[in-house]
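Asker: Use the sequences and the hints to build the structure in full.
In terms of full-length UniProt numbering, the sequence shown has 198 at position 198, counting the first letter as 1, and numbering is strictly consecutive.
Hints may contain errors.
Stated by the list, open to error - Label pairs and their calculated CB-CB ranges: (1) Arg2 to Gly196: 22 to 30 Å; (2) Arg193 to Leu105: 38 to 46 Å; (3) Pro186 to Pro120: 33 to 41 Å; (4) Thr168 to Glu106: 38 to 46 Å; (5) Glu35 to Ala98: 37 to 45 Å.
Stated by the list, open to error - Derived pair list, reagent style DSS-like, types lysine-lysine, alpha-carbon separation capped at 27 Å: (6) Lys179 to Lys39; (7) Lys14 to Lys97; (8) Lys14 to Lys39; (9) Lys39 to Lys97; (10) Lys97 to Lys113; (11) Lys97 to Lys179; (12) Lys121 to Lys97; (13) Lys179 to Lys121; (14) Lys194 to Lys39; (15) Lys194 to Lys179; (16) Lys167 to Lys179.
Derived by calculation from the structure, the hints in this document are not laboratory data. Glycine is no exception: its CB is placed at the ideal position from the N, C-alpha and C atoms.
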Amino acid sequence: MRVVLVEDHHLVRKGLRLLLEEEGHEVTAEFASAEEALKASWDGDVVLLDLNLPGLGGLEALPRLAQRAKVLVVSMHDEPAYVARAFALGAKGYLPKAALDQELLEALERLEKGLRYLHPKLTEALLEGQLEPGLEVLSERERAVVTLLAQGHTLSQAAERLGVSVKTASTYKQRALNKLGLMDTPDLVRWARKQGLI
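Answerer: Next up, the structure:
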């Protein structure tokens with residue numbers, strides 16, 4: 001398979017390349033950030049995507065990358081919320097970094113056959129109904145904007161209270177919507193209520 005690496009740590013990319021090439025896979029491109037991967041022209045069957053990237057996060061880039069190739073998320077985050085969110089955004093597989101050596105080749109094999117891959121350790125947690133993304137996927141500022149909106153403040157009032165511009169507050173709101181898979185402010189309010197924020 002032709003594999004594209006999106007991972008900010010050089011040594012991890014190097015290790016992945018060696019492992020993949022030893023098994024007959026071809027690494028066609030490597031990127032240290034999601035922005036680079038989105039701007040560049042590349043050919044690949046699978047994108048190995050880290051979620052913790054500088055600048056644009058892996059979750060935010062995932063939908064656009066998934067339009068170009070199958071995405072296998074490789075992340076240190078193994079909380080059900082991250083896993084559920086990644087699949088909702090178009091990932092075909094999810095693999096904890098701790099299991100890379102043992103499970104990567106099996107994951108690629110499944111994706112090649114048109115199947116999805118989820119590491120066994122994560123399956124049980126997902127089946128326990130913890131499918132809705134929780135507070136942990138939001139940054140501190142995103143959470144603050146969501147809380148203020150849920151309390152009935154307007155976006156400009158939220159911006160004023162946080163000491164940021166309305167444009168910045170709007171960006172935090174949009175990021176929160178994207179991460180949580182929600183459409184609009186009423187959705188955010190319902191979600192915040194479920195989370196006990198209001």
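Asker: All hints, please: hold or fail.
Answerer: Each hint, compared with the structure:
1. Arg2 to Gly196: 22 to 30 Å: Given about 46 Å between the Cβ atoms, the range is violated.
2. Arg193 to Leu105: 38 to 46 Å: holds (44 Å)
3. Pro186 to Pro120: 33 to 41 Å: holds (38 Å)
4. Thr168 to Glu106: 38 to 46 Å: Distance hint for Thr168, Glu106 holds at roughly 43 Å.
5. Glu35 to Ala98: 37 to 45 Å: Distance hint for Glu35, Ala98 is violated at roughly 27 Å.
6. Lys179 to Lys39: holds (21 Å)
7. Lys14 to Lys97: holds (14 Å)
8. Lys14 to Lys39: With Cα atoms ~22 Å apart, Lys14 and Lys39 stay inside 27 Å; holds.
9. Lys39 to Lys97: holds (26 Å)
10. Lys97 to Lys113: holds (22 Å)
11. Lys97 to Lys179: holds (21 Å)
12. Lys121 to Lys97: holds (12 Å)
13. Lys179 to Lys121: holds (23 Å)
14. Lys194 to Lys39: The hint is violated at about 38 Å.
15. Lys194 to Lys179: Roughly 16 Å between the alpha carbons, so the hint for Lys194 and Lys179 holds.
16. Lys167 to Lys179: Holds, at roughly 18 Å.
Going through the hint list in order, the structure does not satisfy hints 1, 5, 14.
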